[in-house]
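Peer 1: Each chain is listed here by its residues.
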Amino acid sequence: MKYMLLIYSAEGAWTEETRAQCMADSTKLCHELAERGQFLGASPLHPVATATCVRVRNGNRLLTDGPFVETTEQLGGYFLIDVANLDEAIAVAGRIPAASKGTVEIRPIFELSGLPSPK
Amino acid sequence: MREFVGELYVRESRRVYATLVRLLGDFDLAEEAMHEAFAAAIEQWQQYGLPANPRAWLVSTARFKAIDTLRRRTRSAEMQEALVRRVDELSSINAERAAHDIEDDRLRLIFICCHPALAPEAQIAMTLREVCDLTTEQIAAAFLTSPTTIAQRIVRAKRKIREAKIPYEVPSLADFPSRLASVLSVIYLVFNEGYSASSGESLTRPDLSGEAIRLGRLLVELLPDPEVMGLLALMLLHESRRTARATPEGDLILLQDQDRSQWNQKLIAEGRQWIERSLDSRRFGMYTIQAAISAVHAEAASTGETDWAQIVALYDVLLRSAPSPVVELNRAVAIAMRDGPAAGLALIDGILNSGELSDYHLAHAARADLCRRLGRTNEARIAYKRALNLAQQEPERRFLQKRLAELR
Numbered sequence: 079m080k081y082m083l084l085i086y087s088a089e090g091a092w093t094e095e096t097r098a099q100c101m102a103d104s105t106k107l108c109h110e111l112a113e114r115g116q117f118l119g120a121s122p123l124h125p126v127a128t129a130t131c132v133r134v135r136n137g138n139r140l141l142t143d144g145p146f147v148e149t150t151e152q153l154g155g156y157f158l159i160d161v162a163n164l165d166e167a168i169a170v171a172g173r174i175p176a177a178s179k180g181t182v183e184i185r186p187i188f189e190l191s192g193l194p195s196p197k
Numbered sequence: 012m013r014e015f016v017g018e019l020y021v022r023e024s025r026r027v028y029a030t031l032v033r034l035l036g037d038f039d040l041a042e043e044a045m046h047e048a049f050a051a052a053i054e055q056w057q058q059y060g061l062p063a064n065p066r067a068w069l070v071s072t073a074r075f076k077a078i079d080t081l082r083r084r085t086r087s088a089e090m091q092e093a094l095v096r097r098v099d100e101l102s103s104i105n106a107e108r109a110a111h112d113i114e115d116d117r118l119r120l121i122f123i124c125c126h127p128a129l130a131p132e133a134q135i136a137m138t139l140r141e142v143c144d145l146t147t148e149q150i151a152a153a154f155l156t157s158p159t160t161i162a163q164r165i166v167r168a169k170r171k172i173r174e175a176k177i178p179y180e181v182p183s184l185a186d187f188p189s190r191l192a193s194v195l196s197v198i199y200l201v202f203n204e205g206y207s208a209s210s211g212e213s214l215t216r217p218d219l220s221g222e223a224i225r226l227g228r229l230l231v232e233l234l235p236d237p238e239v240m241g242l243l244a245l246m247l248l249h250e251s252r253r254t255a256r257a258t259p260e261g262d263l264i265l266l267q268d269q270d271r272s273q274w275n276q277k278l279i280a281e282g283r284q285w286i287e288r289s290l291d292s293r294r295f296g297m298y299t300i301q302a303a304i305s306a307v308h309a310e311a312a313s314t315g316e317t318d319w320a321q322i323v324a325l326y327d328v329l330l331r332s333a334p335s336p337v338v339e340l341n342r343a344v345a346i347a348m349r350d351g352p353a354a355g356l357a358l359i360d361g362i363l364n365s366g367e368l369s370d371y372h373l374a375h376a377a378r379a380d381l382c383r384r385l386g387r388t389n390e391a392r393i394a395y396k397r398a399l400n401l402a403q404q405e406p407e408r409r410f411l412q413k414r415l416a417e418l419r
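So the protein lines, in turn, are chains A and B. Quick note on numbering: the first sequence equals residues 79 to 197 in this note's numbering. Quick note on numbering: the second sequence equals residues 12 to 419 in this note's numbering.
Think of the hints as simulated: they come from the structure by calculation, not from any bench. Treat the hints with care, as some may be off.
[Said to hold, decoys possible] Incomplete in silico selection of chain A near chain B, CB under 8 Å: (1) Met79; (2) Asn163; (3) Leu164; (4) Pro186; (5) Glu189.
Values in this document were obtained by computation on a predicted structure and should not be read as measured data. All C-beta atoms in this analysis are idealised placements derived from N, C-alpha and C, irrespective of residue type, glycine included.
Chain B extracted, bound-state conformation:
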């Protein structure tokens, strides 16, 4: 029975938790009550057998446990009665909502954790803790900070949710686009944190990328929106290159040098399916386009066989909907592949001369690479040094140092 309940916990606890947060109006109360309910389940189901609807049993038991907890916490009898009455009222009102609303509870949880009124680091910590059920220790290790820092962030976020009354709701139609953008941004940030550490030794931290993909899969199930599909596809395609992207020692392998037989074809196929569905809707956005660019790479057997013209065309589309100097930089690199290094260099110089990206190590690394290919060794050296000054990740630094040494 313990094993069965353990498996049930893994499958259902987040859904039960999300519903309890709605019924009880309090994260911590919901968590405590849920754990007590699962503990009770092991005992009582052993004795009395499995209920017809385990999830409903857990929710209902948790509600009663919560009321008991509130009684225990408050000393004065009147306060007790007032509190209990309030929880009872709240949960009856909320319990009356239509059955399909219950499906939305996990969405409500995701949206509240990613509310823009919370600081971005708080959104990430809340999402990983409340939606993904990671411990504060796991989150702290993943973000190279202390568990106390994460715990404080979460406490402050919950206090703000409570005191400023951030609603536990799926956003209104008017707010939906910007709120969804916030959620997608959190998920992508988590993925990127796992994909390439922002500073320090290791190039990738598998756990976070896996969590982000899991989150993406959950979100696309609850909300089949084109950009949700696009983001999931983008993450799957990046993930498909994980083993090919770095040597066992953690050194960088460029896309053009990667062993493509190591690319995970299953993930690529899944990613492409999501891209197609998103493009069919005609309401796709920047995540879908970025995923499509990644997919063009994934289709090519080698760098030489890559359809660079299509990649440039996709960057053109991306620039129209989400213009940014970084996108222009990536487009310049693609132009260099399609039209030769000189063409790409002209564009990169244009970007740097306008004052953009002067502190972005990849801009200087790209410039250095093109100068190198054109035989302009002195300029390449200067640009590699500039890039090295700005690069923070160890594997990237080692790569740049190697390139610099090769120039001499």
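If we strip away everything but chain A, and leave its shape as in the complex, we get:
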């Protein structure tokens, strides 16, 4: 069963050092998951200041600078995993370094047939 783990934390709560440590630890976690055949993907994201929002209304494509909504905790990265059930997903989420500073949201993937495979 596939799950997406969305990682939220306050961008301001990280120093350069703690952020680097977090990425190193997260990479380690990715490899551990890969060894067990549970890793489908993961990445940190650039801060919300780099975000661009796109809406198409009445045939017009509208752009705004910044995230979808201003929040106290921002989406900072994700994990895509394949595990047996929610309890296993919860166990993985608990090991994500950012979980100790922020929140990890677990969303079950809706299996849609007819999608292409990633390259």
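We have chain A; now place chain B onto it with these hints.
Peer 2: Using the frame of chain A, we list chain B on its own:
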């Protein structure tokens, strides 16, 4: 035969249901199939006699009924075959599990209903519906809400279980303590909801407390863990004072004023046995300690003869393992009984001055009571008024109003 099957339903349906949920992987399918199987039992056992193993017969019949239901529901022939194959596979895999695993089915059911990924109200509704077999109407009446609200909660919870794939398993060793804590918390919440209504007229709602105790007894049978014993003991001891706790009109009677001859000695004795077993294990926790405190009260013939020193000592232990302002408050009340009102008041003032419990009506009621005993009438009046502002239950409000009137 109908009567016999009726009795069998009362005794066995939850166990059969729990096993079917595991075999079929779906709550609603399991429930429908089970009811069809019981109906079939009345007919067929009448005609062909009782099977050697009624429970196994019911489970097996229900499985076939479920497959029929799935065939009826899906129109396309291929989907039918795929579904049927899946159920068949699932149930064969699950049926192969060792016989002792089947005993765990009721535990699996309790643990999944109390999974922390479900909202607390959903855990309670699911447990009362799926484990205790209460109807949504009964649950709604008990929690002063509408059957639609309860039904929606349960539908949403089942959808989440299905779509997020919450596993139907007894938790792993690593997760066990926190998962068990979740179960105990649900049971205690149900008990407390029945013991003293959170708002409104009546002080107690017997049905829920009885259900909670039944749940506690089932859980201790399936899982003889010290804290499960402690919780059961705590509930039994609270329950033992039910008739003494309120007047027929529903007015509050304080522990110190209760007619102790009305305390149910059988429940007290049973509670004390569970406390002793739990303490012997040395792995006891906060429920056991709270039960032990209640037991010290239960042993005393009157308030004056209560071993307050022991109660204070037990609160000290409780504070070490489960520190909280409410526990500190209860300890302060016990200190007042052991050392006099001034000592207790100093502690309560300490708690309130640190900003804790300022919205807790019982903190102000306790403060008021101690001020009253010290003859500090003005302060008592202010504190009773504060408590009255915060109290929600009618019987508690009437009690506080009475105390306030007595001050003038």
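Peer 1: It remains to establish, for every hint, whether it holds in the given structure.
Peer 2: Hints, verified against the model:
1. Met79: This interface hint holds because 5 Å falls under the 8 Å limit.
2. Asn163: It holds, given that the least Cβ distance between Asn163(A) and chain B is near 4 Å, below 8 Å.
3. Leu164: Leu164(A) check passes; min Cβ-Cβ to chain B is 5 Å, inside 8 Å.
4. Pro186: With Cβ-Cβ at 5 Å, under 8 Å, it holds.
5. Glu189: violated (11 Å)
When each numbered hint is compared with the structure, a violation occurs for hint 5 only.
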